[in-house]
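Enquirer: Top line first, the protein sequences correspond to chains A and B. With our numbering applied, the first sequence covers 1 to 114. With our numbering applied, the second sequence covers 1 to 113.
Think of the hints as simulated: they come from the structure by calculation, not from any bench. One or more of the hints may lead you astray.
What the hints assert, rightly or not - List of simulated lysine to aspartate or glutamate pairs, EDC-like, C-alpha gap at most 20 Å: (1) B/K112 x B/D86; (2) A/K14 x A/E83; (3) A/K14 x A/D86; (4) A/K11 x A/D24; (5) A/K57 x B/D100; (6) B/K55 x A/E101; (7) B/K112 x B/E10; (8) B/K70 x A/E101; (9) A/K71 x A/E56.
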Amino acid sequence: DTGVSQNPRHKITKRGQNVTFRCDPISEHNRLYWYRQTLGQGPEFLTYFQNEAQLEKSRLLSDRFSAERPKGSFSTLEIQRTEQGDSAMYLCASSWGRRQETQYFGPGTRLLVL
Amino acid sequence: AQTVTQSQPEMSVQEAETVTLSCTYDTSESDYYLFWYKQPPSRQMILVIRQEAYKQQNATENRFSVNFQKAAKSFSLKISDSQLGDAAMYFCAYRSNNNDMRFGAGTRLTVKP
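Okay, chain A solo, but in the shape it has when bound (with noise of 0.2 Å):
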């Protein structure tokens, strides 16, 4: 069991710029959720997959980000035209079993944007 990863760890961007955040969940979890994180906070959820299909998005994503999991395993996080407000480190988490209990953290993916 390798734990959920997460890549890159650090992203610095220029305003404007597109990036792709990858997760990689625990292998045997169906689902993965993603949350956004500033200093001070705690985790905000922002959308999570069961298997392929995204079932809940959060109204903190806006039409700028867009969520991907093609083939129910890795996903993948796309923020369009960068803001300075979207530096924040983005977690990736990942569950199984009936009821989904717990949640898996991986390290994150720290942004900044200039």
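Use these hints to put chain B onto chain A, whose structure you have.
Expert: Frame of chain A; chain B shown alone:
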């Protein structure tokens, strides 16, 4: 909407002593889960302990235990025999059956040698 409140932005404890971190939440649901996660500096979020709302017995994991008061909507974490490695941000989280997990703002725990 469910909210999670951690009223202690920072806490400090002497090594080997006991500390309690507070958490309250607001919900109208009866079936849900509560969690404490630990986030060490520059490291990933780790599950500390989990409590199912339908269970009256408080969860315990080694030196970590909770005091779950469902009627009061309170879910505190007690860390016994504190160790230097316990220093971290601690987040309380609530999850309903619709899978939407809400986190508190966190409590930064410092352990003094």
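Enquirer: State for each hint whether it applies.
Expert: So, going through the hints one by one against the coordinates:
Distance hint between B/K112 and B/D86 is fulfilled; the C-alpha atoms sit about 10 Å from each other, no more than 20 Å. The hinted pair formed by A/K14 and A/E83 meets the criterion: a straight-line CA distance of about 8 Å does not exceed 20 Å. Our distance criterion of 20 Å between C-alpha atoms is met by A/K14 and A/D86, whose separation comes to about 11 Å. Taking the CA atoms of A/K11 and A/D24, the gap is about 17 Å. The hint holds against a cut of 20 Å.
The suggested pairing of A/K57 with B/D100 holds, with an alpha-carbon distance near 10 Å, which does not exceed 20 Å. Taking the CA atoms of B/K55 and A/E101, the gap is near 14 Å; set against the 20 Å cutoff, the hint holds. Proximity of B/K112 to B/E10 is assessed by CA-CA distance (about 13 Å); at most 20 Å being required, the pair is judged to hold. For the hint pairing B/K70 with A/E101, the CA-to-CA distance comes to about 18 Å; that is within 20 Å, so the pair holds.
Pair hint A/K71 plus A/E56 holds up; C-alpha atoms about 18 Å apart against a cutoff of 20 Å.
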